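S.K.: Here's the letter readout for the chains.
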Amino acid sequence: MRSMIASIGMAAALAAVAPVQAQEATPAPQMELASVQPAPSRARPPENTDEGGLWGASDRAEIQARASGELERDPALNAYIRDVACRTAGRYCGDVRLYVMNRPFFNASMAPNGYTEVWSGLLLRAEDEAQLAFVLSHEITHYSENHSLDMLRTLRGRSAAAMILSVGAAVAGAGYAGDLIYLGTLASVYGFSREKETEADMNGFDLSVAAGYDARAGVTLWNNLIAETRASDNPDVRRRESRASIFTTHPLSRDRVEALQRRADAYTGAPGETHRERYRAAIRPFLDPWLRSELRRRDFGQTLLVLERLGAHGEDLGMVEFYRGEVHRLRRGEGDAERALAHYTAATTHADAPAAAWRELGDIALRQNRSADAAQCFATYLERAPNAGDRALVEARLAQLQGGTP
Amino acid sequence: MITATRRAVLMGATAALAAGCGTSGARSGTYNAANAYNVNLAREWSDITFMLQPRPRNLRLLSIDGPLLNRLYLAALQPGESLLRHRDRDTPRPTYRTDMSDTEVVEFIVDCVAQEYQAPEASALRPQNFGAYPGVRFDLSARTAEGLNTSGTALAARVGERLHVMLFLAPSEHYYAALLPEVEAIFASATPT
Numbered sequence: 006m007r008s009m010i011a012s013i014g015m016a017a018a019l020a021a022v023a024p025v026q027a028q029e030a031t032p033a034p035q036m037e038l039a040s041v042q043p044a045p046s047r048a049r050p051p052e053n054t055d056e057g058g059l060w061g062a063s064d065r066a067e068i069q070a071r072a073s074g075e076l077e078r079d080p081a082l083n084a085y086i087r088d089v090a091c092r093t094a095g096r097y098c099g100d101v102r103l104y105v106m107n108r109p110f111f112n113a114s115m116a117p118n119g120y121t122e123v124w125s126g127l128l129l130r131a132e133d134e135a136q137l138a139f140v141l142s143h144e145i146t147h148y149s150e151n152h153s154l155d156m157l158r159t160l161r162g163r164s165a166a167a168m169i170l171s172v173g174a175a176v177a178g179a180g181y182a183g184d185l186i187y188l189g190t191l192a193s194v195y196g197f198s199r200e201k202e203t204e205a206d207m208n209g210f211d212l213s214v215a216a217g218y219d220a221r222a223g224v225t226l227w228n229n230l231i232a233e234t235r236a237s238d239n240p241d242v243r244r245r246e247s248r249a250s251i252f253t254t255h256p257l258s259r260d261r262v263e264a265l266q267r268r269a270d271a272y273t274g275a276p277g278e279t280h281r282e283r284y285r286a287a288i289r290p291f292l293d294p295w296l297r298s299e300l301r302r303r304d305f306g307q308t309l310l311v312l313e314r315l316g317a318h319g320e321d322l323g324m325v326e327f328y329r330g331e332v333h334r335l336r337r338g339e340g341d342a343e344r345a346l347a348h349y350t351a352a353t354t355h356a357d358a359p360a361a362a363w364r365e366l367g368d369i370a371l372r373q374n375r376s377a378d379a380a381q382c383f384a385t386y387l388e389r390a391p392n393a394g395d396r397a398l399v400e401a402r403l404a405q406l407q408g409g410t411p
Numbered sequence: 032m033i034t035a036t037r038r039a040v041l042m043g044a045t046a047a048l049a050a051g052c053g054t055s056g057a058r059s060g061t062y063n064a065a066n067a068y069n070v071n072l073a074r075e076w077s078d079i080t081f082m083l084q085p086r087p088r089n090l091r092l093l094s095i096d097g098p099l100l101n102r103l104y105l106a107a108l109q110p111g112e113s114l115l116r117h118r119d120r121d122t123p124r125p126t127y128r129t130d131m132s133d134t135e136v137v138e139f140i141v142d143c144v145a146q147e148y149q150a151p152e153a154s155a156l157r158p159q160n161f162g163a164y165p166g167v168r169f170d171l172s173a174r175t176a177e178g179l180n181t182s183g184t185a186l187a188a189r190v191g192e193r194l195h196v197m198l199f200l201a202p203s204e205h206y207y208a209a210l211l212p213e214v215e216a217i218f219a220s221a222t223p224t
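Protein chains in written order, with the working numbering: chain A, 6 to 411; chain B, 32 to 224.
The following block holds chain A by itself, in its conformation from the complex (with noise of 0.2 angstroms):
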């Protein structure tokens, strides 16, 4: 991966340079999506300087994510989203543009323009509403504090990392391949230092707690993807002291995180909300498309790990259980079989059961021998998805069952 951004970036940089430097007068685009707020807090700085530079390959960046296919446009969604990151930010929600993206890792940014992403991935894996407004009060501090400008004068001038963000726009939403590049591309250029992580993780704790979000809420979630790193099924990603694959602008250490949870053990304020319940209704129709994407990744050992926070409070069972079971039918390790019958039947038991649950244990059914049960099975997801796109496929396999020409 990194030799693949490394030849990538040599053959970008005599191209990309002079554009980057003629966007710069290019004022960013209103996200139209945002509800209605309040005025930026900064004015634009002059073309000439090398904050200039770091806005115009943002607005580089955030153009390219007006017009990907990663976006998500779901009002309700964005205007709930936008909504909790103002609630922390203060002075600084008018600058905020949002963009949620369909990008199933953990990651959230705030570019010094004011383009700020979200990603799906990280919206999956939060628990609540105060750590997502943790992680947005992480950002705004990154924004507030010009930690990008700092790091950007230790790249030797705007032109390395003006080239660098451009040609990570280039290849952001290139399918799940190019979000890992471009992740990669973002930590190179806003992979901040372990003091000004911690000075996010500091100010990120008092604008939530100032909120009135759970205290606890940022030491849980750095915990949570600590834990889902050592889950992975990827060595590679198991082995990296700096849980980069987990939120790679952003490394976490261990001290970072102990820092945090000191920080929390000595608060005395009045108790936070987690608003966990609207939290989750916020993101509850999204869970099917976003789960699917995950299990694109073939990382079982997390998604096990997401599953069984999203399942922990008796919620979304049909879900859950039935994507419980498409980890294990995927990865048909010993036992995965049986697993997987005994979640897709439980997936079965609940309302919010997708219809393929029906289908898969058809195909199981198939596998076992039980032509009568697999019949029924399919015949009941053909009843619950008459619509469906394998409608073809189902319905000649059950000719096969009930003795018909496929």
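Just a sample of chain B residues kept apart from chain A, beta carbon distances all over 12 angstroms, derived:
| # | residue |
| --- | --- |
| 1 | Gly56 |
| 2 | Ala65 |
| 3 | Asn66 |
| 4 | Glu112 |
| 5 | Ala219 |
Using C-beta positions, here's what the derived DEER-type ranges look like:
| # | chain 1 | residue 1 | chain 2 | residue 2 | range |
| --- | --- | --- | --- | --- | --- |
| 6 | A | Asp293 | B | Gly111 | 22 to 32 angstroms |
| 7 | B | Gly97 | A | Gly95 | 49 to 59 angstroms |
| 8 | B | Gln109 | A | Glu200 | 46 to 56 angstroms |
| 9 | B | Asp119 | A | Arg96 | 41 to 51 angstroms |
| 10 | B | Arg88 | A | Ala44 | 51 to 61 angstroms |
| 11 | A | Ala404 | B | Ser172 | 19 to 29 angstroms |
| 12 | B | Gln109 | A | Pro290 | 34 to 44 angstroms |
Far from chain B, some chain A residues (derived; all Cβ distances over 12 angstroms):
| # | residue |
| --- | --- |
| 13 | Gly95 |
| 14 | Lys201 |
| 15 | Ser258 |
| 16 | Glu320 |
| 17 | Glu339 |
| 18 | Arg344 |
| 19 | Asp357 |
| 20 | Arg375 |
| 21 | Ala377 |
| 22 | Arg389 |
To be clear, the hints were calculated from the coordinates, so they are not data collected in a lab.
Just so you know, these numbers come straight off a predicted model, no measurement behind them.
Note that the Cβ used here is the ideal one computed from N, Cα and C, for glycine as well.
Dock chain B against the given chain A, drawing on the hints supplied.
M.R.: Relative to the frame of chain A, chain B by itself:
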């Protein structure tokens, strides 16, 4: 297949041309795919398999107008192989297994497409022979990184241990429909060797 991003594909092409190894032609007439099956090409296609880096085994990539405008993947995968390859061994990826159901074969192909395209979805899954072998046919919709709508269609079948796959992808506007009759004829001509 789909490991290379669009930019990387273009760069790969540039690098290959600079090195004096441009596209090779897949001449009209009988074309053998991965030593597994023949198809009949009504005209010459460009074999641009070299653009896939790293190059997957048992797969050829053909195009008429270039990879951004039309792609025809012809593969005959062995168990454990995929339509894509990562540079490292550790990154999990979809792989073909001989015990896959037809639905799982479609899922496998769509999940491979998801490496490069956004939000791929299969539709109209139906039984269709691949030569004399029973197979599965389906259509695809997806988007490029820039949000361009892309259409596709595929035919796959298990032949012995191998999975034979023909997959056509092109922008929904003009290019897909323009080449579809020719692709249908190619699909219909497939004959396992």
